[in-house]
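Student: In the working numbering, the protein residues as written are 3 to 309.
Among the clues, some could well be false.
Derived SDA-like pairs (lysine to any residue); straight-line CA-CA distance at most 20 Å [to be verified]: (1) K112 to E143; (2) K121 to A144; (3) K121 to L178; (4) K121 to T99; (5) K112 to V125; (6) K110 to G59.
These are computed hints drawn from the structure, not numbers from a lab.
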Amino acid sequence: MIISTLALMGITVTLPMESQVRGTEVLLGEVAVVTGEDAELVEQVNAISLGYAPSPGYSRLFYGQRLEQLVERSIGQDVRFAGQRACRVHPSTVDVTSAELRTVAEAKLKTLTNGSDAKWELVYPIPNLQIPAGSVAHRIEALASEGDLRTGQVQVPLQILVDDTNYRTVWTAWNLELFETRPVLVRDVQAGEVLGPELFSNERVQVDRPGTNRVLSSNMVVGAVAARNLPAQASIGNLDVHRPRVVQAGDSIFLQVRKGNISARVPAVVRVSGSLGDRIRILNLANDREMSAVLISRDVAELVLGS
Numbered sequence: 003m004i005i006s007t008l009a010l011m012g013i014t015v016t017l018p019m020e021s022q023v024r025g026t027e028v029l030l031g032e033v034a035v036v037t038g039e040d041a042e043l044v045e046q047v048n049a050i051s052l053g054y055a056p057s058p059g060y061s062r063l064f065y066g067q068r069l070e071q072l073v074e075r076s077i078g079q080d081v082r083f084a085g086q087r088a089c090r091v092h093p094s095t096v097d098v099t100s101a102e103l104r105t106v107a108e109a110k111l112k113t114l115t116n117g118s119d120a121k122w123e124l125v126y127p128i129p130n131l132q133i134p135a136g137s138v139a140h141r142i143e144a145l146a147s148e149g150d151l152r153t154g155q156v157q158v159p160l161q162i163l164v165d166d167t168n169y170r171t172v173w174t175a176w177n178l179e180l181f182e183t184r185p186v187l188v189r190d191v192q193a194g195e196v197l198g199p200e201l202f203s204n205e206r207v208q209v210d211r212p213g214t215n216r217v218l219s220s221n222m223v224v225g226a227v228a229a230r231n232l233p234a235q236a237s238i239g240n241l242d243v244h245r246p247r248v249v250q251a252g253d254s255i256f257l258q259v260r261k262g263n264i265s266a267r268v269p270a271v272v273r274v275s276g277s278l279g280d281r282i283r284i285l286n287l288a289n290d291r292e293m294s295a296v297l298i299s300r301d302v303a304e305l306v307l308g309s
């Protein structure tokens with residue numbers, strides 16, 4: 003054993019030949035044994051940072067002379083260093099499996115699609131990883147957001163946190179398909195043709211993004227006039243048809259309030275003109291309150307209350 007000695011208030015730092023550390027930062031107290039009569043000073047020396055921890059598969063060599071200079075600058079007085087001239091530090095590691103990463107990514111996709119009709123498939127294999135062991139168990143967070151969802155290839159980045167610090171981000175790629183059940187045309191329709199209920203069939207179709215295009219429900223397009231030639235199997239959007247206004251501001255209608263199997267009607271006045279299926283503003287004459295309701299016929303707007 004080689005010893006370098008400097009007098010000092012009972013504080014001794016003993017450096018071993020090798021040491022293992024946890025986390026992403028190396029503290030002196032993890033590498034060496036610090037002893038002394040002043041417990042507060044010992045704790046202060048233990049907490050001195052030596053910088054980054056080596057990555058799995060690598061090591062760092064700390065020289066006693068340099069550590070001695072660092073400690074003396076940190077506490078403002080000499081210390082006694084004992085033990086080896088240098089210490090080689092290796093990281094303690096844990097394995098992060100491909101299955102663990104995949105589970106987090108798929109859970110995020112399931113949350114973002116939120117019960118929508120969707121399916122996904124991994125594009126590239128996710129590798130098994132080795133990361134530094136932290137003082138607490140590592141965490142994996144998926145960073146994708148709802149705005150990232152679209153039919154096609156999407157990225158789900160996975161952030162691996164060691165001691166609440168981002169150690170690494172793993173990018174996973176997925177082929178995503180999004181579907182909705184929509185009314186589609188059963189045959190080609192010519193511009194100027196009036197659309198009747200017999201022209202539509204509810205079918206499961208692939209969509210780019212769920213709910214982003216304003217696709218009209220069948221009750222909103224029945225009676226509308228095709229604005230252009232429309233092919234069979236097409237969903238109908240707001241720009242595909244001319245929809246006649248069936249109520250005008252000031253018209254008298256009924257407000258139908260429905261909760262479960264119970265419904266009641268009260269007189270109301272239209273505030274904003276609208277077409278079938280539109281959500282319009284009306285004045286409820288029963289309580290003189292303005293509210294919004296869906297126009298379900300020329301005479302009735304419906305407000306559905308939660309159960």
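Student: Take the hints in turn and mark each one as holding or not.
Tutor: Going through the hints against the structure:
1. K112 to E143: Cα-Cα ~14 Å, so holds.
2. K121 to A144: 18 Å, holds
3. K121 to L178: 6 Å, holds
4. K121 to T99: 23 Å, violated
5. K112 to V125: Measuring from Cα to Cα gives roughly 17 Å; hence the hint holds.
6. K110 to G59: Since the Cα atoms of K110 and G59 sit roughly 31 Å apart, the hinted pair is violated (cutoff 20 Å).
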